[in-house]
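Please model the complete structure; the sequences and the hints are all you need to start from.
Sequential numbering of the sequence shown, starting at 0, is according to numbering that gives the first Met the number 0.
These are calculated hints, taken from the structure and not from any lab test. We put the beta carbon where it would ideally sit given N, CA and C, even for glycine. Hints are not guaranteed to be accurate.
[Claimed, not checked] Each computed SDA-like pair below joins lysine to any residue, with the alpha-carbon atoms no more than 25 Å apart:
1. Lys195 with Trp25
2. Lys140 with Leu20
3. Lys195 with Leu20
4. Lys195 with Gly392
5. Lys140 with Thr287
6. Lys140 with Gly289
7. Lys140 with Phe193
8. Lys140 with Glu198
9. Lys195 with Met157
10. Lys195 with Val79
11. Lys140 with Pro277
12. Lys140 with His284
[Unchecked claim] Listed next, with one range per pair, are the computed distances between beta-carbon atoms:
13. Thr218 with Pro88: 19 to 25 Å
14. Leu68 with Pro88: 22 to 28 Å
15. Asp109 with Ser173: 18 to 24 Å
16. Phe106 with Val313: 44 to 50 Å
17. Arg22 with Tyr374: 51 to 57 Å
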Amino acid sequence: MSIAGLRRATAEGVRSSVSGLPREFWWLWTSTLVNRLGAFVATFMVLYLTLERGYSASYAGLVASLHGLGGVISSVGAGVLTDRLGRRPTLLISQSSTAASVALLGFMHDPAAIAAVAFLVGLTSNASRPAVQAMMADIVKPEDRVRAFSLNYWAINMGFAVSSVAAGFIAEFSYLAGFLGEAAMTLACAVVVFLKLPESRPERVLVDGKRQPEIGMRTVLRDGRFMSVVGLSFVVALIFQQGFVGLPVAMGTDGFSSSDFGMIIAFNGVLIVALQIPVSRFIEHRDTRGLLILSSALAGYGFGLTAFAGSLAVYALAVCVWSIGEIINAPTQTSVVVRLSPVHGRGRYQGMYTMSWAVAGLVAPLMSGFLIDHYGADWLWGTCAVLGTVAAGGYWLLMRGVGEDGSGAGGGGDDGVAASGAGGSGTAGSAVAGSGTGASGTAVSGAAGSDRAASARPEPVQPLLRVELAKHVKPVEPTP
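Dropping the structure here:
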């Protein structure tokens, strides 16, 4: 094929990937991109606390725990608000309060005040995710789900890749400027939501002359199939988190420098940005069950391959394997969550799904630290392979009988209900909190993880949580 033909094919592929989605989706997508472009705190908080403020790793670990705890609590609380108040009010409250708390954090000096405000940042920043996912489910048609999730996931990683580089230059000038810059960008997201996005929460309809009953958290917890998906999501999240927790420690003990790790983990982001759209076109109408099984296996065995890594080339090969698994898993798993969610309980269901990633972000550093300290890194990678096999088997059992239209789902199914404002039905946002892009070039921070979420999946792992593990990384000066 000639270069001109290749360009035409690429242009046609991009057009087919972005066409047919409603205008409201693109405003929400823009809000996501702007939000990730302003990600400063998640990238440089460790450096800020240890280098700029001079605090110990133990203190940074405490702050990390409080920040993560805030995210866990807000996952469920924001899900309830999304269903009760609506998607738009929840987004506006979350984004405006996040902007205020991030700006406030930049002016805090007292250790107790920093810890308290960090908890508040975790609480407010995570609160927008269930609302974003539920709104996307309202405004995008079911057949466009995977494509919409992939595009949003792509925006998350592209935004974080750019912000990681920009934040490095900003930090050299002023950490406070970084905090205020993120606050301004987050506030800009709230302005976009206020001006361009109408409320999309579906109106309740009468069934046999009665209004549909309220969906409570008890309903979510009793939905066995959905909670099984949440459990499998937690297992998969534990695996992906190791790219930002276990991997830097393992590479450090193998004699590689933090810059080597930065280069390797940046490869993950490059692959996502380059392959997310073409891969999403390939998987868009394929069997969901098979995709979840494949992605879980790729994640588990990709990290398992790290046990055999003795050179940067093998580390890169391992990253390539689990990154492809991540690219497949992120939009597919999020679309399954929507299919299993009742229309009027989407916020609560998405909140519970988001919480599985937030809890994994707290557990993963403990898991990797224990295994590496007591048994060695090879045991961690072997455990990842086992977890990937368990998740693949779980999806094989769980997804039997669940059709592409949501039939067979315990609590869910798709809309068919008119939504006020935006209208339509469909998909949730990327909370892929899967993993992100970019890395710090310092031994203290290891790397800057992303929202994979994120999410979007939720944040894969808050960088502060890595501080206890990152202190074990012993950088090796590159030979001239």
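Do the hints match the structure? See the list:
1. Lys195 with Trp25: 10 Å, holds
2. Lys140 with Leu20: The given pair, whose Cα atoms are some 8 Å apart, holds under the 25 Å limit.
3. Lys195 with Leu20: 16 Å, holds
4. Lys195 with Gly392: 43 Å, violated
5. Lys140 with Thr287: 17 Å, holds
6. Lys140 with Gly289: OK: lysine 140 and glycine 289 at ~22 Å, within 25 Å.
7. Lys140 with Phe193: Roughly 23 Å between the alpha carbons, so the hint for lysine 140 and phenylalanine 193 holds.
8. Lys140 with Glu198: Satisfied, since the Cα-Cα distance of roughly 17 Å is no more than 25 Å.
9. Lys195 with Met157: The given pair, whose Cα atoms are some 22 Å apart, holds under the 25 Å limit.
10. Lys195 with Val79: 23 Å, holds
11. Lys140 with Pro277: 20 Å, holds
12. Lys140 with His284: 14 Å, holds
13. Thr218 with Pro88: 19 to 25 Å: 22 Å, holds
14. Leu68 with Pro88: 22 to 28 Å: 24 Å, holds
15. Asp109 with Ser173: 18 to 24 Å: 20 Å, holds
16. Phe106 with Val313: 44 to 50 Å: 46 Å, holds
17. Arg22 with Tyr374: 51 to 57 Å: 53 Å, holds
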